[in-house]
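Colleague: As a plain string of letters, each chain reads:
Protein chains: 2
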Amino acid sequence: MAEGEFSALGAKTAVCYLRYRGEDVVAVLDSSKHGQTAGHVLGFGGEIPIVSSVSEALELDPKVAVVGIAPRGGQLDTTLRKPITESIEAGLDVVSGLHTFLADDVELVEAAKKSGSRFWDVRYVPETKLVASGRGCETGAKTVLVTGTDCNVGKMTATVELFHEAERRGMNVSWAATGQTGIMLRERGLCIDRVIADFIGGAAEELVNFEGAGKDLVIVEGQGSLVHPGYAGVTLGLMFGVAPDCMVLAHQAGRDHVRRYDDVAMPPVADLVRLHETVMAPVKKSPVVAVALNTADLDTASAEDAVSRLRKETGLPVSDPVRSRGSAILDAIMESLS
Amino acid sequence: MAEGEFSALGAKTAVCYLRYRGEDVVAVLDSSKHGQTAGHVLGFGGEIPIVSSVSEALELDPKVAVVGIAPRGGQLDTTLRKPITESIEAGLDVVSGLHTFLADDVELVEAAKKSGSRFWDVRYVPETKLVASGRGCETGAKTVLVTGTDCNVGKMTATVELFHEAERRGMNVSWAATGQTGIMLRERGLCIDRVIADFIGGAAEELVNFEGAGKDLVIVEGQGSLVHPGYAGVTLGLMFGVAPDCMVLAHQAGRDHVRRYDDVAMPPVADLVRLHETVMAPVKKSPVVAVALNTADLDTASAEDAVSRLRKETGLPVSDPVRSRGSAILDAIMESLS
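Top to bottom, those sequences are chains A and B. Mapping of the first sequence onto the working numbering: residues 1 to 338, in sequence order. Mapping of the second sequence onto the working numbering: residues 1 to 338, in sequence order.
Accuracy of the hints is not assured; some may be wrong.
[Unchecked claim] Which residues of chain A face chain B? A few of them, derived with a C-beta cut under 8 Å, are: (1) V131; (2) G237; (3) F240.
Calculated from the structure, these hints are not laboratory results. Here a beta-carbon is modelled for each residue, glycine too, at the ideal position from N, C-alpha and C.
Here chain A stands alone, though its shape is the one from the complex (with noise of 0.2 Å):
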């Protein structure tokens, strides 16, 4: 369900859930492209269908709805309100990433008796109030963060291409999701930026724990960035929290403004590199090995001269982990751990 807003920079959690697994999908909801493709839309999805109503794509047979859009806030807009509904109406089962959770929605609750829906509500976290030792993951597993230089750049992206490629180099690794998105597609996780402030990095630590026991490597979904007025917080609790033995930056090429706030320029990235070494420090040593650098909305010739550019700003391997899969950061990870 990803109405009005399904494209390549768009719906994020609808875009990702497509691109890691896309063979669970048998229609994207927007009334806007309908009669499109996703392969049409993203350049990958094939032939799934873009439907225009619930009622539409509950001729494919599906099982479950998926809130695909993610409304500043986390909010329970009326655009989303007449899908769930009739979602649950339908009998499907509905997850949901939003902030405002399905299950303290009356009438939605309401609807699932009749229909017997139930609702995962992602970002819902138990009760914590762990403070974090500042000693990170303790099971003996190495842990890598992918952070970024601004929200929506690809961390989560970059995560699952660093995990898919470790795994096919047969590595004993494992993934933590920390976002609405990455925890769907994982159907595990702790959404931090949900937790109560004081207990940001405790969690953090829980869940590198949980990822890293009987692992020689976990990678952890970044959230947030350092530069961002509304969730930097999040962003350096969950740094303390995991204490990274190293970390990666995600950023997007060409992004020269913190999204959405205009007033914001970003930093040069070769200053957010130190940035996060200078503020990590204190706590934990813990290099940037890479940077990975989102170029989906490039040309292959752009996007070439783009990643070399920024080799040279910064010094450091640079890669986009789609079309590289993730091979050349995860080499400056392994050296970096070595």
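Based on these hints, arrange chain B on the given structure of chain A.
Modeller: Coordinates of chain B only, in the frame set by chain A:
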């Protein structure tokens, strides 16, 4: 109620309450110091007696029992449950800054129903889903954030001293309470470390806009520390939400590690000054204009020596806001804002 912890450097809430609202206090509860006076233990608080039980305190006709200690993680432990229960049974109202709410405790609620006691859980925060704009206070008031190098270094004390000094100078000033003790003293405010992580900045922004209405200056109590493994997310979220015009850095003389984190060495204060300015810069150019040095556990000569050494190290005005009543620090703030 400061059972087992009443001293100049412990029982922070009790000590601050005595310092700034001592005229409202009839007794301090700490059986380990039974028979002594607040003045004897703290150097202020005069003849206020230290009692060993709630029943002993009742002879002095109290109306309200204040939880004066803040156990790590804010839990309601057995040491606290006993005097709280006795207070409720005696019909006292109870004020608590614990993370665990009295109003959520079935036993305590039942007892209060019988006796008529009322609870004020000062950490309770109304649900907010506001993401920070990055613009901070927009009422026309200037803002100063009193941030710190660690927990329990004197951020709240510095804030209150600066507020009192500004009032003595006839300024049109307010202060924003962001932690449990400050909120008790101010009788309003917002417990920023209790907000859901995504909304730390938004809540801080709301608070400064509330306190800034009709004022020329708002002094904001900081929380945690940028180098605190557990609480740094709160600190940074508050910094970006307030987007202050300038900052004061609170520090305790001799603090060479983050409290309760023996592995985390305190960086030099001069480095921390730079760190705050560097981290703040992408959202707002905000200089650290002075250091508020807590010298509570030093004699006068040692205190003067510590102040003078830190002045040399940082090149900034340094002053103990309690000994100097905030005067030199307020001068530095006003010079920066002019």
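Colleague: Which hint numbers does the structure go against, in order from smallest to largest?
Modeller: none
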